[in-house]
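Just so you know, the protein sequences line up as chains P, S and L, in that order.
If you're matching positions, the first sequence starts at 2 in this note's numbering and goes up one per residue.
If you're matching positions, the second sequence starts at 139 in this note's numbering and goes up one per residue.
If you're matching positions, the third sequence starts at 53 in this note's numbering and goes up one per residue.
Rather than coming from a laboratory, the hints here were simulated on the basis of the structure.
Glycine included, every Cβ here is placed at the ideal spot set by N, Cα and C.
There could be a bad hint or two in this list.
Between beta-carbon pairs, the in silico distance windows are [said to hold, decoys possible]:
| hint | chain 1 | residue 1 | chain 2 | residue 2 | range |
| --- | --- | --- | --- | --- | --- |
| 1 | P | 295 | S | 267 | 29 to 35 Å |
| 2 | S | 166 | P | 261 | 25 to 31 Å |
| 3 | S | 166 | P | 200 | 53 to 59 Å |
| 4 | S | 166 | P | 288 | 55 to 61 Å |
| 5 | S | 312 | L | 420 | 19 to 25 Å |
| 6 | P | 293 | S | 247 | 54 to 60 Å |
| 7 | L | 68 | S | 296 | 53 to 59 Å |
| 8 | L | 85 | P | 249 | 18 to 24 Å |
| 9 | L | 75 | P | 159 | 35 to 41 Å |
| 10 | S | 247 | L | 65 | 28 to 34 Å |
| 11 | S | 351 | P | 295 | 28 to 34 Å |
| 12 | L | 226 | S | 178 | 21 to 27 Å |
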Amino acid sequence: MSSDTVAVIGGGPGGLRAAQGIADIGHKVVLVEKQRYLGGSPITQKYYGLTPRGEPAQPQIQQQIDLVMANPLTEVRLGTEVVAVDGEAGAFTITLRTEAARDETFECGAIIIATGFSHFDPGRSTQMYGYFEFPDVITQPDLEAMLSEQRVLRPSNGEVPERICFIQCVGSRDRQIGNEYCSKVCCGVASKEATELREMLPDSKVLIFYIDMRMYGYWENEIYWPAQEKHHIQYVKGLITEVLPKGDRLLVRGEDTTMGRPMEVLMDLVVLSVGMEPSPGTRDLARLAGVRQNKYGFIDAPGTPLDPVSTDREGVFACGAALGPADIEDTVSSAAGAAMKAVGYLRSRAVAKAN
Amino acid sequence: MTVTSSPPRDTDAHYKVWDVAGYADVPRETKARLFEQVKGDLRFGDYLYGCYECGICVGACPSAKFYDFSPRRIAQAAAREDVDLIYQQMQEDIWDCSQCFSCVRCPRGNNPGGIVTIMREVAVRNGLASAKEALVGYTRIIYKIMSTGTQVSPDMLSKDSFPDWGPETADVADNLDLWRRALPPETMHTTTTGWSVAESTLIELYLIWMETGALDMIAEVDPGLHTILLELMEERLEEAGFEV
Amino acid sequence: MTIPVEALRRAKAAEEPVADRRALDDPRAELLELERQGELIVQKIDREAISVMTKYGREKRIQKSHLWHHKSCGQCGHIPGYSTSIFWLMRKLGYDYHDPHDQTSCTGWNYYASATSNPAAQAAVAVRNFAAAYETGYFPLIHCGTSYGHYKDVREELIRHPELRAQVRAVMAKLGKPLVLPEEIVHYSEWVHALRHEIAAKRVRDVSGIVVSVHPACHYHKVVPGDAIYDPDIYGGQRTAVVTGLVEALGATVHDYSTWFDCCGFGFRHILVQRDFSRSFATLRKIEVMKEEANPDVVLTHDTGCVTTLDKSQFAAMAHGRNVGLPVMSDAQFAALALGAHPYRVCQLHWHSADYRPLLEKMGIDWEKAWAEFQSDLRRLESGEKRYLDWDDADGLNDDSGPH
Numbered sequence: 002m003s004s005d006t007v008a009v010i011g012g013g014p015g016g017l018r019a020a021q022g023i024a025d026i027g028h029k030v031v032l033v034e035k036q037r038y039l040g041g042s043p044i045t046q047k048y049y050g051l052t053p054r055g056e057p058a059q060p061q062i063q064q065q066i067d068l069v070m071a072n073p074l075t076e077v078r079l080g081t082e083v084v085a086v087d088g089e090a091g092a093f094t095i096t097l098r099t100e101a102a103r104d105e106t107f108e109c110g111a112i113i114i115a116t117g118f119s120h121f122d123p124g125r126s127t128q129m130y131g132y133f134e135f136p137d138v139i140t141q142p143d144l145e146a147m148l149s150e151q152r153v154l155r156p157s158n159g160e161v162p163e164r165i166c167f168i169q170c171v172g173s174r175d176r177q178i179g180n181e182y183c184s185k186v187c188c189g190v191a192s193k194e195a196t197e198l199r200e201m202l203p204d205s206k207v208l209i210f211y212i213d214m215r216m217y218g219y220w221e222n223e224i225y226w227p228a229q230e231k232h233h234i235q236y237v238k239g240l241i242t243e244v245l246p247k248g249d250r251l252l253v254r255g256e257d258t259t260m261g262r263p264m265e266v267l268m269d270l271v272v273l274s275v276g277m278e279p280s281p282g283t284r285d286l287a288r289l290a291g292v293r294q295n296k297y298g299f300i301d302a303p304g305t306p307l308d309p310v311s312t313d314r315e316g317v318f319a320c321g322a323a324l325g326p327a328d329i330e331d332t333v334s335s336a337a338g339a340a341m342k343a344v345g346y347l348r349s350r351a352v353a354k355a356n
Numbered sequence: 139m140t141v142t143s144s145p146p147r148d149t150d151a152h153y154k155v156w157d158v159a160g161y162a163d164v165p166r167e168t169k170a171r172l173f174e175q176v177k178g179d180l181r182f183g184d185y186l187y188g189c190y191e192c193g194i195c196v197g198a199c200p201s202a203k204f205y206d207f208s209p210r211r212i213a214q215a216a217a218r219e220d221v222d223l224i225y226q227q228m229q230e231d232i233w234d235c236s237q238c239f240s241c242v243r244c245p246r247g248n249n250p251g252g253i254v255t256i257m258r259e260v261a262v263r264n265g266l267a268s269a270k271e272a273l274v275g276y277t278r279i280i281y282k283i284m285s286t287g288t289q290v291s292p293d294m295l296s297k298d299s300f301p302d303w304g305p306e307t308a309d310v311a312d313n314l315d316l317w318r319r320a321l322p323p324e325t326m327h328t329t330t331t332g333w334s335v336a337e338s339t340l341i342e343l344y345l346i347w348m349e350t351g352a353l354d355m356i357a358e359v360d361p362g363l364h365t366i367l368l369e370l371m372e373e374r375l376e377e378a379g380f381e382v
Numbered sequence: 053m054t055i056p057v058e059a060l061r062r063a064k065a066a067e068e069p070v071a072d073r074r075a076l077d078d079p080r081a082e083l084l085e086l087e088r089q090g091e092l093i094v095q096k097i098d099r100e101a102i103s104v105m106t107k108y109g110r111e112k113r114i115q116k117s118h119l120w121h122h123k124s125c126g127q128c129g130h131i132p133g134y135s136t137s138i139f140w141l142m143r144k145l146g147y148d149y150h151d152p153h154d155q156t157s158c159t160g161w162n163y164y165a166s167a168t169s170n171p172a173a174q175a176a177v178a179v180r181n182f183a184a185a186y187e188t189g190y191f192p193l194i195h196c197g198t199s200y201g202h203y204k205d206v207r208e209e210l211i212r213h214p215e216l217r218a219q220v221r222a223v224m225a226k227l228g229k230p231l232v233l234p235e236e237i238v239h240y241s242e243w244v245h246a247l248r249h250e251i252a253a254k255r256v257r258d259v260s261g262i263v264v265s266v267h268p269a270c271h272y273h274k275v276v277p278g279d280a281i282y283d284p285d286i287y288g289g290q291r292t293a294v295v296t297g298l299v300e301a302l303g304a305t306v307h308d309y310s311t312w313f314d315c316c317g318f319g320f321r322h323i324l325v326q327r328d329f330s331r332s333f334a335t336l337r338k339i340e341v342m343k344e345e346a347n348p349d350v351v352l353t354h355d356t357g358c359v360t361t362l363d364k365s366q367f368a369a370m371a372h373g374r375n376v377g378l379p380v381m382s383d384a385q386f387a388a389l390a391l392g393a394h395p396y397r398v399c400q401l402h403w404h405s406a407d408y409r410p411l412l413e414k415m416g417i418d419w420e421k422a423w424a425e426f427q428s429d430l431r432r433l434e435s436g437e438k439r440y441l442d443w444d445d446a447d448g449l450n451d452d453s454g455p456h
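Just need the whole structure built from these sequences, with the hints factored in.
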């Protein structure tokens, strides 16, 4: 039996936008989310401000959740995992599992995978940054959570940090790790977080060590220039080679490539700008839905650039960071595209059938 | 061969002009030929991908802290196939490298220290001035490793050679034979080699040096040593019944 | 308060390590595949072995006994207590070994110093030694960090380049030997690490008051880094576990310092013909930093060049009033001392330059008495009573004072 329902797997910014779009144009949508709440990484990781403009993450995401919840065509399944995808395009059967109840199934005609990314595990880095060795080495999401609490402290001693640095490209652009791609967002997020730090801790000195600052489009004038001109964040071209303790601080060592000389600088807090990898959910869904992944595990969109959301399997679409590194703006754009593609697919089937 | 005027260059920004450089300039064809030899090494493709100037290698490099040496510049020059700069590095930089391979941290997978190894080999094989200079005082060490199969034997730690190592090193030299005989492993009673290497083992080693061209590599850079080692090895190999 | 300090620590502790795809880079599997194709022979581990984890999570097996000791030029040549301590530990634990005459240097020291060799020659030298081990049935154990690193590089080149294999095979054929490589290339400090609890169980001297700083050898953990041993319980799995793991197992204390990753300054050619560099680097970047930040009783390392550079470079610096003066030795020498080995007969500390006597005193070792015992050994040699000392002499079985 063919179905005119669309299944959206994943309730982050992409899944929320896709579900809205589908319901807005009059199709039933089932939104399946593994967590017991909607919102995805911005909520799970306690994001403080959204890049690029820094609006508070929680209320912004809540607005999107409210739009989804308000639409009667939307059914939301929380605390639920997809464990099987059977059938074929137009008539998929999806098996769901929750902790409480027995497995159940529902029918849908098309699927949108919106399962997103995971932050790179900094313990796996080629770089010797000691994330699991030194309390004062943290990641961008760790800092987001601290910013959200309005308490940025050195985990080693609870003191307010005076000297803070970001190390870019941790787990990205690295042949040795196997993540050869750029994670796109970390330059902007680092600059946004650095700005927030300077606002919260006006006496702090904040440095960003980078290979290239990838501040495309409006990120240049909206984030990068103010960071330098207004907040006096220091950008140093050269990555950090290693982090080691010196007294109760951290010594970061690398090359200042612009000046062409080795550098060694003491820091109170080191923030690793960890890149993106496909989330476990993205890997699982790709396998369950039988869609091709690229060598990094993200879902492949063979029709890109003009069709960046269709997978290699008919009736199955993907959006956002399930397809590769993406910021929130790109994620919701591709989610809207995926919603249109999925609904368009169902309607064209219905038309063909009627004829 | 020295030329009298500066050769044409794509850009002058990176180079020392030839008449202030610490080495004689050579025609560009010579530099290109030397680079072709570097590039022709079977390891070159394993050692160089691309370089985005992150400087991780420099931060890890001991030589960069004491010399005007940069593994990043080595990788960058090789990636640009800039034969002028590469020639300059072969004459001025490569012997500063510590060969510790701290630079293989490179996120692109480069091995700047390995590129230096290859550049050094080419410098030796072609008898470049930098190689000759670097190997001054090194003759007896090459002789030792090639002829005995062990390096820096106990009797090489003489007071004259290592005055900066303190009086304990002089004690070793003064008591060498006795202290060696006091070592419990029976292979280590030697003074002219690190341990006692079997005669048949040495013959096999000589055959390797001859067959792989390793011995001939020093013909340009140290002809005297080459002749001595060649005669020694040929004689011993012939005695052992090998055709050379 | 949910995130700062405690919550972040908990978050870090709870984080599950993600499997590293580099664990799939398995030189052992590649060798076995080449063996299947008839390209070469792989010498297998054929005795009891201990499994350890490498940097990216590949399992590496360390054979406990029946080992072919690939000696080190520098260790045998001028820090002989290094080699002797490795042998002594193996004897103490009751594991048999073979100390071959049919072994040459890896010649890596010369190669990295002078470049007067080439990949085929270096690979042939390596394979000749491996073939010599294979003929005896003993499994190779590499004493020198540079030999270990160099051989891993050679293995990678042989796996990657069929034309190099063909060239080396042809040279080997002239020697009447096969192209053979061992299943794993094992450094002695890996053997020490794998057996550190067995070693610690035989400890007779209390080292709990001893503070140690560790210098890891570049050619051990930077060359083909995927083969070096890591342990989640040591440095959070973020730095190599060898040496440090042993020190902790013996009950001594490790103090960290900010130039841990730095090279010692050996430089291969520099230590011989440009010692101003080696000396400056070893003292300014390593010994002085250790003194200032960690103030250890001893510096332990696990490679030939590092012991030499760090030890010998201190004399001139001390003459200039620099803040140096730390004894330097190998993990094997330190372990041997902790297990009751004689400081001169076994550990041969009289070949070292920096003053080790305060350390011995702190370990409860009467070095004056020990030196007198060693002097009486030497008199027996001088009088012609014996030509050489042996292992019984080293354990004091032949002197009046009885065994130690």
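For which of the previously enumerated hints does the structure constitute a violation, in increasing order of number? 1, 6, 8 and 11
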